Structures are given as structure tokens and as C-alpha cells.
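> Here's the letter readout for the chains.
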Amino acid sequence: KNEVEQSPQNLTAQEGEFITINCSYSVGISALHWLQQHPGGGIVSLFMLSSGKKKHGRLIATINIQEKHSSLHITASHPRDSAVYICAQNYGGSQGNLIFGKGTKLSVKP
Amino acid sequence: DTAVSQTPKYLVTQMGNDKSIKCEQNLGHDTMYWYKQDSKKFLKIMFSYNNKELIINETVPNRFSPKSPDKAHLNLHINSLELGDSAVYFCASSLGQGVDGYTFGSGTRLTVV
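Chains as they are written, first to last, in our numbering: chain A, 41 to 150; chain B, 230 to 342.
Hints in this document: simulated from the structure, not taken from any laboratory. Given the structure is predicted, the values throughout are model-derived calculations rather than measurements. A couple of the hints might just be wrong.
[Claimed, not checked] DSSO-like cross-link-like pairs, simulated, lysine-lysine; straight-line CA separation at most 27 Å:
| # | chain 1 | residue 1 | chain 2 | residue 2 |
| --- | --- | --- | --- | --- |
| 1 | B | Lys296 | B | Lys265 |
| 2 | A | Lys142 | A | Lys95 |
| 3 | B | Lys270 | A | Lys145 |
| 4 | B | Lys296 | A | Lys108 |
Build the full structure now, drawing on both the sequences and the hints.
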């Protein structure tokens with residue numbers, strides 16, 4: 041069974057703190073995605089990873105293929121980072137399917 | 230210039246009705262998807278279309294049917310709506326099988342009363 045597990049489920053931080061959200065998956069993948077869903081409901085694609093590390097502004101995503109694990113880091117967190125962060129894995133091949141984790145709800149307090 | 234647009238944004242309807250949600254993308258992507266987000270905010274694939282052919286059809290009721298008049302559009306038709314169909318439905322698109330990332334619409338909140 042293909043599963044994507046995220047932790048923590050909920051996270052509250054003070055502005056400025058370094059934040060880490062973890063994602064583990066059970067089977068091999070072609071790509072791992074990090075998505076952001078704001079309180080208004082829209083979903084934005086943050087990163088797509090198949091190996092190594094990617095950085096965009098204050099956000100960093102890493103993946104360890106051998107350990108089937110990925111992390112999303114936010115440096116110098118800000119209240120506008122408050123959102124649900126969702127990890128999803130892509131099987132590629134003939135499916136192009138996304139299997140989602142249940143999300144991590146992040147709240148950054150000023 | 231909205232990349233993936235869904236209409237309507239909100240839909241309130243009675244049980245037993247038939248409704249449609251429309252989705253259009255102007256990105257030139259060749260694969261489009263419908264996802265359902267339940268009350269616990271969990272997302273799950275429903276359908277995808279690649280070059281007007283259905284390539285994924287998860288275990289959704291056959292009351293749900295995707296219709297793609299061309300590769301820029303993937304509409305979702307729902308017959309005989311039930312209370313349990315209440316959810317947020319997201320359309321998305323990608324180039325190929327999604328290994329270059331996905332672009333999501335803003336969602337349609339369906340409420341069945």
C-alpha cells in the first residue's frame with residue numbers, strides 16, 4: 041500500500057523560528073512534491089524533488105531517496121507562512137498520480 | 230491571466246440534483262486532473278485525462294463523470310448528488326505525467342443540502 045505520512049500534524053511557532061516539516065513515503069517515487077494551501081483554500085506548488093535539495097527564498101526542501109524521507113524547512117518564519125503544507129508523491133510512468141499526505145497545519149504567531 | 234480556472238467557486242444544491250463544475254487551463258498542458266478534498270482536508274485523486282483519454286479512474290461512484298471536449302478543458306459532471314459529495318473539488322493540470330510539477334485551480338466548494 042502506498043502511503044505518505046507527514047509530521048507534525050499541527051505546528052505552532054513564534055515569528056522568526058526555524059521550522060521543519062517531515063514527510064515519509066512507503067514506495068519508490070519519480071518525484072516528491074511540497075504544496076502550500078492557504079486559509080483561503082488555494083493550493084500552490086512549492087517544490088518538486090527527485091533528489092537532493094532545492095531552495096526558494098526562505099524555503100528549503102530536501103529529500104533522501106534511500107530513507108524515503110523528505111523535509112521542508114522554513115527559515116526566519118513569518119505569520120504569512122501560516123498555511124497547511126502538504127507532501128505528495130508522484131508515481132510517474134503511466135499514471136501521473138499524486139498521493140497526498142494529510143498535511144501539516146502551521147501557525148506562526150507574531 | 231488565470232492559469233487553471235474553475236467555475237463556479239461555490240455551489241450549493243439539493244440532494245438528487247445534477248451539477249457540473251468546469252475547468253479550463255491556458256498553460257498548454259496535456260494532462261488534467263480532478264481531486265477531491267474532504268472535510269478533514271485530505272486530498273485524493275479522482276480522475277485524470279491525457280490527450281482526451283482517461284488514464285486514471287479511481288474508485289469513485291459512477292455518478293461522477295469527467296468530460297473533456299479538448300485538452301484545455303476537463304469538466305466534472307455529478308449526477309444524483311448526495312450529502313457525502315459535499316467537499317472542495319480541485320482541478321489541476323500538468324505537462325506529461327506531472328514530473329515537471331502541477332498547477333492547481335482555486336477549488337470549487339460544493340455543498341449538498
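> Each hint needs a verdict: does it hold in this structure or not?
Evaluated hints:
At most 27 Å may separate the alpha-carbon atoms for a hinted pair to count; Lys296 (chain B) and Lys265 (chain B) meet this at roughly 16 Å. Annotation: proposed proximity of Lys142 (chain A) to Lys95 (chain A) holds, straight-line Cα distance about 23 Å (limit 27 Å). With a C-alpha separation of about 10 Å, the suggested pair Lys270 (chain B) and Lys145 (chain A) falls inside the 27 Å cut-off, and the hint holds. Pair hint Lys296 (chain B) plus Lys108 (chain A) does not hold up; C-alpha atoms about 36 Å apart against a cutoff of 27 Å.
The structure does not agree with numbered hint 4 stated previously, though it agrees with all others.
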